[in-house]
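Here the protein sequences come in this chain order: A and B. Our numbering puts the first sequence at residues 1 to 367. Our numbering puts the second sequence at residues 1 to 435.
Note that these hints are calculated values from the structure, not bench results. Please read all numbers here as calculations on a predicted model, not as lab measurements. Glycine residues also receive a C-beta, built at the ideal position from the N, C-alpha and C atoms. Mixed in with the good hints there might be a few duds.
[Stated by the list, open to error] Examples of chain A residues toward chain B, derived with CB under 10 Å: (1) P65; (2) M66; (3) T67; (4) V68; (5) M72; (6) L100; (7) V106; (8) E107; (9) K299; (10) M353; (11) V356; (12) M357.
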Amino acid sequence: MRSLINFAPSTFEERGAAVAFTTPVLAQTRVRKDDRELLEVLIPNLSDGHGVYVVPWKGLPLAFPMTVHDRMLQDLIRRGDGCSPDDIRKAVLQAARCGLAGPLAVEAAEAALRDEDEQRLLINYQLIVEVLKAVGLESSDILRAGLGSEKGEQLTRSYMTKAAQSLALEPTELYTRVAELATFMEPVGIASSPKPARLRRLARDLLQFRDSMTEWSTGNVSETAPIGTFCAEVAEHTLNQVRNVVNQLDQSVAAFELLLRQWEVKRPLVRRATTRLSWLLDGWDFIIASWAEAQTRSKHEQEMAVHELFRVLPLLPKDEEKSDHALLADGLLAANRRTVRAYVDWRSGQLDMDLVMRIEAIKAKAA
Amino acid sequence: MTMDPHALLSLGTKLLDIDEARFRQVVDLLQQIGDLPEVQHTFSLIRPRLAEVRPKRRPTFKRLFCEPFEDLFQLPTGGQPAPLNKIDRGVVNSLWPLVEGQIGKDRLRGVTAALGDGASRVEPARAFWSMAAATVADILEEAEAGRFVDDLGLRLNPDRIRTIQDIARILTIAQPVSELKAVLSPKPIQKLHKDHLEGIQTIGRQVARSRPEALKLFVLLAAARLTDPSILLGSLWDMDLGQKSSDRATLFLDLSGTVVAQIEERSRGAATTTVTVDRMAAATLAVDLMASLEATRNAMEHSRNKDFDQRLKTVRESVHELVRTQVLDGAETEILSAVETLAPGADTARMVQAENQARALRKCSTIADTLGLRGELKSVTQQTTASLTGTARQSLSEGVGDARTGYTAIRMIELIAGPAEANQIMDDILRGARR
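I would like the entire structure built from these sequences, with the hints used as guidance.
Laid out in C-alpha cells, this is it:
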C-alpha cells in the first residue's frame, strides 16, 4: 500500500479513469494499465486508512463482494479496448442499460445515449456550416430544404464539392477531415452551439459546484470546512485548466479555414486537447451529483458527504498543475482522522444495500 | 426579495424553499418585527427549516426561558419519534407574557447579561431561571385556583396544567439541563457512549439530591436528545443516580410506561394506515419499532418487571400484522408481474415500486425471526427467487424475450437475497448458456 504522497500521479493515465461502480467501497475507484498493459484498480482510504490499494483488475471480485451490476461492468471493461474516460463511459452506459443498476439508471443511460446521437447530428451540421462559411458559401438553402431530406443532402454534397475546390482539397479528403473533427469535438461541441455538449455542461456544473462548496465552507466552523475548501480549490484549479483547453479548441474552430488546410498539423493538437478535456473532467459528474443530492440533507449528512467526496476527488496530476494537490490532500487527511466508515454491515459482512441504493440514485443523475 | 419585513409574513411556506443565505436574512428580519402572533405563525411554518439551518437567533428572554425545555417541543416534520413528554408551544406562547409581566421589567433588566455569550452569562442566566421557575409555580397555583384563565387565553385542561407543571419543574433544574445538553451534543445522539452515560449519571445525581421531584423530567430531557428514547431505558437500570432502590424502581417504571406508550402510539399509527404506497417505508417503520421494542424488553428483563409484557406483546402483534399485510402479502405477484411484463422504456414508476417491494422483503429478514414470520418470509423469498431465476434463465440462456427482462430478474434476486446469491445464479445461467 502506498500513501497519498507516494501516490502522486504525474499523468492522467497514471491517475486512472473513474469507474461508476455501485458497490460503496469501489464507487469511483480508478482503473489504469500497469507496466505489462494489464488493468489494475486503485482503491483509496480503505477502512479509513491513509493510502491507496492497488488491486489487479482480474482479482477484484475476489477481493470485494460486488453487486451484479459491478461484476458486469468489470467484465465489460476487461473485454474493452482501453481504459480512457471515454472507454469507461461506453462500458458504464452499456452496463446501466441492461437494468442491473435499476430502472432509473436505464432511463439515464438511454437519455445520455440519445443526447450523444443528437450531438453527433448537430456537430456534423454545424461543422458543414463552418466549412461553407469559411469559403464564403451560404448554408441557409440546406436548412430550408431540410437537413435529412434528399434535396438537402444533394445540396450539401454540391456545396461541399465547391468548398473542397475552393480549399484545393479532394471532396473525399474534406469529408474525412470534417468527419474526424466531428468525432473529436462531439463531447465538447462548438462555442456557438444552441445546446451545449456534455463536457461544456459538465464544466458549467463544476463551476456551480465550486461556488456552492465555497459558500458552504465559508463561515462554517465544523472540522469538515477545510476539506470543503480544499474540494472547492481543486474544482477551481480544474476549471482553470478546462477553460484553457476549451479556449484553445474554440480558437481553432474560429480559424476554421486554417484548421482544414493544416489538418495534418492541427489534427493531433485537437485530438490531444479533447482527450485532455475528458481526463480533466473525469470523475466530477459523480461528485457534482452527490453534492447536489446532499443539499437536501442535514448539516451532519452534508459533512459526511464532503468526506466521501474528498475520498474520490479527482486531484490533478503533478505534470498538469503547479500546486501539489496530493501533498495538500495528505496534510488534510492527517489533520482530519475520522472513525471507521461503514461500507459493509459489520455484523454480517454484507453490502450496505441502503448505501448501494443511494449511489445508484446519484449514478442515475450523473449519467 | 422584498426588504419589507411585514411583506415576508405573507410568504409562509415559500420560505422553506429559498436559499440558505436568504433564509437567514429573512429570519433576522422577522425577529425585528417582534413577538406578534403573525410572526409566531410564520415561525411555526418554517420551524423544520429553522431546526435544520439553526440561524443565529436574536437572544431574547423568551428564548432563554424556553432553553431548558426546548427539546420537548415537537417538530412538525414527524420523521422522528415525538419527545416522551411533549410541550405545547401554544401554552408557552400564552404563558410567557404572564411570566414576563410578573417578573417585571426592572428585575429583568438586572439579568440582561444572561442574554450575552460565554462565562459571564452563567450567573445571570441561573438567576433568571430561578425567578422564572418561582413565577411559573405561582402562576400554576393561581391558575389551579381559577385565576389567570383569561390572561392565559387557554382553556386549562389537564394536559395544559401538566405542561405548566413540567415547565415549572424543568426551570428549577435549568442549570443541570444546560450541562446535560453539552454532554449530549450534537443532537440527535444515535448511540450512548461511556462519556454520555457518565455525564448523565453525574448530572442526574445532582438533580436527584437537589430536586428529586424533577428527576423524571431530567431523564425525559436526556431521552429527547436521542434518536430513539428506548436506548436510554436500556442503560438506566444500571445507572446509579443515588436514589433509594424503591425510588429507582418507581422512576424506571414511570419512564418505561412513557416509552411503551410512545411505541404503542407509533405502532397504532402504522396499523391504521390502510393503503400503503411505499412498502419500503412500512418495512423501515417495522424495523425501527422492533429495535425500540427489543431495547425496552431488554431493559424490562433487567428490572424483572412484568407489568408491560402484555402491552409489548400487543405492539409486537401489530408489527407482525404490519409486516404480514404490507410487506409479505402480494409481494411475489407484484415483483414477478413487474418483471415479466417489462416493456423497454416504459413504466419506470412501476419498476421502482417493485424494487422497493423487493428491498422491503430483505429489510424485514432481520426482524422476521423475532416476529415469528421466519417461515412465511422464507417461503415468499424462496418462491419469488425461484420464479425470477426461471425468468432470467429463459431470457438469458434460452433467448426467450428481451435480455433486459433477464437482467432485471437478476437485479430483483439481488435486492431480495443479496449480491452473493444473485452473482451465483447469474454465473450458473451464463455457464449453462455457454455449454
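Hint check results:
1. P65: Where the cut-off is 10 Å and the nearest Cβ of chain B is about 6 Å from P65(A), the hint holds.
2. M66: holds, 7 Å
3. T67: holds, 5 Å
4. V68: holds, 5 Å
5. M72: Interface hint status for M72(A): holds (8 Å vs cutoff 10 Å).
6. L100: Hint on L100(A): holds, closest Cβ of chain B at ~5 Å, below 10 Å.
7. V106: holds, 8 Å
8. E107: holds, 6 Å
9. K299: holds, 7 Å
10. M353: holds, 7 Å
11. V356: holds, 9 Å
12. M357: Holds, because the Cβ-Cβ distance from M357(A) to chain B comes to roughly 7 Å (cut-off 10 Å).
Checked against the numbered hints listed earlier, the structure breaks none of them; every hint is satisfied.
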